[in-house]
Amino acid sequence: AQKITQTQPGMFVQEKEAVTLDCTYDTSDPSYGLFWYKQPSSGEMIFLIYQGSYDQQNATEGRYSLNFQKARKSANLVISASQLGDSAMYFCAMREAFGGGNTGKLIFGQGTTLQVKP
Amino acid sequence: DGGITQSPKYLFRKEGQNVTLSCEQNLNHDAMYWYRQDPGQGLRLIYYSQIVNDFQKGDIAEGYSVSREKKESFPLTVTSAQKNPTAFYLCASSIRSTDSNQPQHFGDGTRLSIL
Numbered sequence: 001a002q003k004i005t006q007t008q009p010g011m012f013v014q015e016k017e018a019v020t021l022d023c024t025y026d027t028s029d030p031s032y033g034l035f036w037y038k039q040p041s042s043g044e045m046i047f048l049i050y051q052g053s054y055d056q057q058n059a060t061e062g063r064y065s066l067n068f069q070k071a072r073k074s075a076n077l078v079i080s081a082s083q084l085g086d087s088a089m090y091f092c093a094m095r096e097a098f099g100g101g102n103t104g105k106l107i108f109g110q111g112t113t114l115q116v117k118p
Numbered sequence: 119d120g121g122i123t124q125s126p127k128y129l130f131r132k133e134g135q136n137v138t139l140s141c142e143q144n145l146n147h148d149a150m151y152w153y154r155q156d157p158g159q160g161l162r163l164i165y166y167s168q169i170v171n172d173f174q175k176g177d178i179a180e181g182y183s184v185s186r187e188k189k190e191s192f193p194l195t196v197t198s199a200q201k202n203p204t205a206f207y208l209c210a211s212s213i214r215s216t217d218s219n220q221p222q223h224f225g226d227g228t229r230l231s232i233l
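As they're listed, the protein sequences go chains Z and X.
With the numbering used here, the residue at position 30 of the first sequence is 30, and numbering never jumps.
Add 118 to a position in the second sequence, counting from 1, and you land on the number used in the numbering used here.
Honestly, the hints are just simulated from the structure, not real lab data.
Accuracy of the hints is not assured; some may be wrong.
Computed Cβ-Cβ distance ranges for the label pairs, DEER-style [claimed, not checked]:
(1) X:N136 with Z:Q14: 48 to 54 Å
(2) Z:T113 with X:T123: 24 to 30 Å
(3) Z:E15 with X:E133: 45 to 51 Å
(4) X:E187 with Z:G85: 35 to 41 Å
(5) X:R214 with Z:A81: 34 to 40 Å
(6) X:K132 with Z:P30: 45 to 51 Å
No residue lacks a Cβ here, since even glycine has one placed at the ideal position from N, Cα and C.
Using the sequences and the hints, build the whole thing.
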């Protein structure tokens, strides 16, 4: 069965420092996508970054980068130069390609709460 | 602006009552999804629809029903059979569910509580 594991329930980081949020996944499908979402206290889910299973390079989007280690089945999110507005819950999610019994749904981890200290 | 609109933002349900959560999108997305989130937890899939007039059960469909009569709309009904409906409900859409590289875009959610 497909699974996403986020082992850090909560993290603290000093403003302007970098932080890494861990994510490991399990799937037997060779084609899949990995996503990170940010959920502020207001509740909306904000898409941050995507990494495809066949991508050779790590994805980057502004201050967000994804440290993709396929052999280890890990997809850690790195936030550089943390800002107070980065305080939120962060979810790692995986999406399998549709077909062969797969529904193409997103499978979410339990989330990591990040607090940025001034 | 294109996006997903969920309403109402807050909803209260009485015992034995069915309530319907609205989800509308103007992104021209084919696929739509409903998720439930309990406090401090990740999201769990309730129902999804890949195309108009078609929908499939997700992981926790019992006590819920949906319809997809229009591409833009995917309402979720929480029936009286759902004994623990208090949660945060999120609607999402994506271009095509067959593409694993397409992100799902979310609405702002509806918080449902029991009176």
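Here's how the hints hold up against the structure:
The supplied range of 48 to 54 Å is met by N136 (chain X) and Q14 (chain Z), whose beta-carbon atoms lie about 49 Å from each other. The supplied range of 24 to 30 Å is met by T113 (chain Z) and T123 (chain X), whose beta-carbon atoms lie about 27 Å from each other. One distance hint, 45 to 51 Å for the beta-carbon pair E15 (chain Z) and E133 (chain X), holds here, with the actual separation near 47 Å. E187 (chain X) and G85 (chain Z) have their C-beta atoms about 39 Å apart, which keeps the hinted 35 to 41 Å range intact.
Distance hint check for R214 (chain X) and A81 (chain Z): the Cβ-Cβ separation is about 35 Å, which falls inside the suggested range of 34 to 40 Å. Against the hinted window of 45 to 51 Å, the Cβ-Cβ separation of K132 (chain X) and P30 (chain Z) comes to about 49 Å, which satisfies the hint.
Comparing the model with each numbered hint stated earlier shows that all of them hold.
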